[in-house]
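Using the sequences provided together with the hints, build the complete structure.
Chain order of the listed sequences is A and B.
Going by our numbering, the first sequence opens with residue 518, and the numbers climb by one from there.
Going by our numbering, the second sequence opens with residue 518, and the numbers climb by one from there.
Wrong hints could be hidden among the right ones.
Identical copies go unnamed one by one, so any copy, or any two together, can satisfy a pair.
To be verified - Cross-link-like lysine-lysine pairs, in silico, DSBU-like; alpha carbons within 30 Å at most:
1. K659 / K834
2. K712 / K790
3. K659 / K841
4. K841 / K712
5. K666 / K727
6. K659 / K790
7. K779 / K666
8. K666 / K757
9. K666 / K841
10. K666 / K790
11. K732 / K666
12. K834 / K614
13. K712 / K757
14. K627 / K834
15. K790 / K841
16. K659 / K774
17. K757 / K735
18. K779 / K790
19. K712 / K834
20. K779 / K757
Keep in mind that the hints were calculated from the coordinates and are not lab data.
2 protein chains.
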Amino acid sequence: MIRIGIFGYGNLGRGIESAIRQNSDMELVAVFTRRDPSTLRINTEGVEVASAANVADYKDKIDVMILCGGSATDLPVQTPELARMFNVVDSFDTHAKIPEHFENVDAASKEGGNIAMISVGWDPGMFSLNRLYAGAVLPEGKDYTFWGKGVSQGHSDAIRRIEGVLDAKQYTIPVDSALEAVRSGAAPTLTTREKHTRECFVVVSEDADKALIEKQIKEMPNYFADYDTTVHFISAEEMKRDHSGIPHGGFVIRTGKTGFNKEHNHVIEYSLKLDSNPEFTSSAIVAFARAAYRLSLQGDSGCKTVFDIPPALLSIKSAEELRKELL
Amino acid sequence: MIRIGIFGYGNLGRGIESAIRQNSDMELVAVFTRRDPSTLRINTEGVEVASAANVADYKDKIDVMILCGGSATDLPVQTPELARMFNVVDSFDTHAKIPEHFENVDAASKEGGNIAMISVGWDPGMFSLNRLYAGAVLPEGKDYTFWGKGVSQGHSDAIRRIEGVLDAKQYTIPVDSALEAVRSGAAPTLTTREKHTRECFVVVSEDADKALIEKQIKEMPNYFADYDTTVHFISAEEMKRDHSGIPHGGFVIRTGKTGFNKEHNHVIEYSLKLDSNPEFTSSAIVAFARAAYRLSLQGDSGCKTVFDIPPALLSIKSAEELRKELL
Numbered sequence: 518m519i520r521i522g523i524f525g526y527g528n529l530g531r532g533i534e535s536a537i538r539q540n541s542d543m544e545l546v547a548v549f550t551r552r553d554p555s556t557l558r559i560n561t562e563g564v565e566v567a568s569a570a571n572v573a574d575y576k577d578k579i580d581v582m583i584l585c586g587g588s589a590t591d592l593p594v595q596t597p598e599l600a601r602m603f604n605v606v607d608s609f610d611t612h613a614k615i616p617e618h619f620e621n622v623d624a625a626s627k628e629g630g631n632i633a634m635i636s637v638g639w640d641p642g643m644f645s646l647n648r649l650y651a652g653a654v655l656p657e658g659k660d661y662t663f664w665g666k667g668v669s670q671g672h673s674d675a676i677r678r679i680e681g682v683l684d685a686k687q688y689t690i691p692v693d694s695a696l697e698a699v700r701s702g703a704a705p706t707l708t709t710r711e712k713h714t715r716e717c718f719v720v721v722s723e724d725a726d727k728a729l730i731e732k733q734i735k736e737m738p739n740y741f742a743d744y745d746t747t748v749h750f751i752s753a754e755e756m757k758r759d760h761s762g763i764p765h766g767g768f769v770i771r772t773g774k775t776g777f778n779k780e781h782n783h784v785i786e787y788s789l790k791l792d793s794n795p796e797f798t799s800s801a802i803v804a805f806a807r808a809a810y811r812l813s814l815q816g817d818s819g820c821k822t823v824f825d826i827p828p829a830l831l832s833i834k835s836a837e838e839l840r841k842e843l844l
Numbered sequence: 518m519i520r521i522g523i524f525g526y527g528n529l530g531r532g533i534e535s536a537i538r539q540n541s542d543m544e545l546v547a548v549f550t551r552r553d554p555s556t557l558r559i560n561t562e563g564v565e566v567a568s569a570a571n572v573a574d575y576k577d578k579i580d581v582m583i584l585c586g587g588s589a590t591d592l593p594v595q596t597p598e599l600a601r602m603f604n605v606v607d608s609f610d611t612h613a614k615i616p617e618h619f620e621n622v623d624a625a626s627k628e629g630g631n632i633a634m635i636s637v638g639w640d641p642g643m644f645s646l647n648r649l650y651a652g653a654v655l656p657e658g659k660d661y662t663f664w665g666k667g668v669s670q671g672h673s674d675a676i677r678r679i680e681g682v683l684d685a686k687q688y689t690i691p692v693d694s695a696l697e698a699v700r701s702g703a704a705p706t707l708t709t710r711e712k713h714t715r716e717c718f719v720v721v722s723e724d725a726d727k728a729l730i731e732k733q734i735k736e737m738p739n740y741f742a743d744y745d746t747t748v749h750f751i752s753a754e755e756m757k758r759d760h761s762g763i764p765h766g767g768f769v770i771r772t773g774k775t776g777f778n779k780e781h782n783h784v785i786e787y788s789l790k791l792d793s794n795p796e797f798t799s800s801a802i803v804a805f806a807r808a809a810y811r812l813s814l815q816g817d818s819g820c821k822t823v824f825d826i827p828p829a830l831l832s833i834k835s836a837e838e839l840r841k842e843l844l
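As structure tokens, this is what we get:
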């Protein structure tokens with residue numbers, strides 16, 4: 518059994534807890550929290566809730582620690598720190614800062630003789646893998662990534678910070694005609710506005726100026742100004758009834774040419790349609806936790822990404838079973 | 518530069534020759550043929566055409582030998598034989614015999630201290646990888662593979678063996694309603710007939726009994742009897758004009774559930790739409806040839822499949838570039 522620890526118990530932590538139950542070679546040993554452990558109730562009977570401050574005491578009781586904090590401030594500190602003590606997996610998703618995070622985590626994990634897998638999930642993660650495979654197979658081509666339809670947490674938060682807004686949910690939606698243009702092999706150059714639209718559902722206070730709020734949303738730089746944005750004002754009841762899920766998904770498409778005269782077109786498409794973004798992310802993380810554990814058993818150490826992992830290490834099946842059943 | 522040899526010069530061999538030009542870290546050293554080398558004209562100036570009988574003379578001149586023979590009788594003999602002398606890649610695609618082929622090639626390649634990659638292409642190959650990844654991430658779910666629309670060489674050949682048939686091309690076509698049922702997450706159980714239809718274009722001799730030929734096709738066991746099959750009789754001119762390409766493609770879909778109460782559905786879909794089946798297969802093989810070469814430089818040996826290869830080894834880009842640009 519691979520003994521798993523969960524560090525941080527939000528949506529992602531609960532997703533990991535749930536995913537472990539679907540993998541018969543894993544057991545959850547403890548959940549670590551920065552809150553008072555006695556106030557935290559988890560979904561698995563008999564599993565310890567411990568204080569994050571005491572995590573070092575668990576060095577010999579946990580094979581892989583899964584870090585469920587945020588990329589903005591938690592993981593840049595936690596991943597290197599915990600990688601000195603444990604094999605770790607995180608879902609660090611600030612794309613621009615991945616090289617820096619890698620360097621920090623690589624040094625720390627080598628110091629500790631541990632494996633540290635960073636940036637696991639679907640983007641970065643499964644989408645990244647598909648960009649790599651498609652680019653390696655079709656060197657002369659063009660990559661496209663579309664996100665959605667799904668909830669963007671960052672954009673929803675940005676709306677919530679506007680005065681008069683009580684709650685908000687923002688959906689990112691890929692534009693069908695852009696998807697079709699890409700699939701045609703025409704290799705179009707698409708602007709931000711042409712690729713995605715943004716749809717916002719907003720609950721406001723009774724005395725709020727809706728017209729002003731709509732204007733503030735639509736003109737918000739970086740978040741909405743470059744997109745065609747639709748704003749719907751709804752009641753708190755409607756928000757709860759119709760928008761409590763966290764669906765997401767998207768498309769990675771590469772089109773490219775082969776042949777002595779580049780006469781043949783090819784389209785490689787990978788897509789995800791997810792009812793629960795955090796649960797799917799968790800499911801990917803748990804598979805890569807298995808790989809981290811196996812690499813560690815082989816005596817390897819250092820920071821790894823999804824690009825470094827032989828796929829066979831992700832599966833509970835043996836190499837023989839994989840060749841027989843899936844190849 | 519990675520020095521490549523091509524062993525066998527049919528559609529696949531030409532595809533490899535073409536693909537090498539799209540990879541700036543590779544050069545084609547020689548093409549090996551069982552025919553009289555003086556009768557073979559290849560598409561690359563200055564590259565030697567040599568007799569397959571003399572292949573051992575090239576042991577120190579070639580880093581990876583790519584085997585372009587057929588799975589029925591060529592590769593079971595050639596891959597082990599050549600793996601004793603060279604790093605090799607083949608596209609062995611008789612799924613049921615992969616375990617046996619693996620064992621033979623593993624012994625031979627270890628004897629020679631070489632890397633032997635088998636069963637590279639898209640199915641087996643990229644489709645297999647997607648089955649593995651999707652199954653590892655969603656352990657509770659169901660896999661579906663659909664092929665087409667595309668030309669099945671084996672089925673076309675089977676029609677050509679019927680008396681009175683001069684030429685034939687068979688397209689395998691996935692059934693749209695079956696694809697939609699799978700994508701819905703309903704996890705349907707689909708019969709062979711429900712998943713694919715078969716469309717045949719047939720050129721017959723002047724005095725042929727078309728009704729009889731159509732009956733013979735539609736009732737052919739293993740090949741057509743379990744499918745809804747359509748037969749079109751066309752002229753040799755129409756065959757040449759409309760059916761000279763070798764397109765193919767297909768879909769690998771896995772649907773699965775997550776959550777404490779299995780309340781969330783997820784759909785992972787990978788699809789290919791290929792103008793040229795042999796050229797896409799070749800492009801995949803060439804990427805895996807790079808990985809074989811790199812593994813060999815690391816001192817590794819033995820038989821490998823796509824499941825064993827860290828994706829980063831496939832790309833011409835460095836690990837740093839991959840993390841910065843694609844992760």
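Structure versus earlier hints - violations, ascending order:
When the structure is compared with the hints, none of them turns out to be violated.
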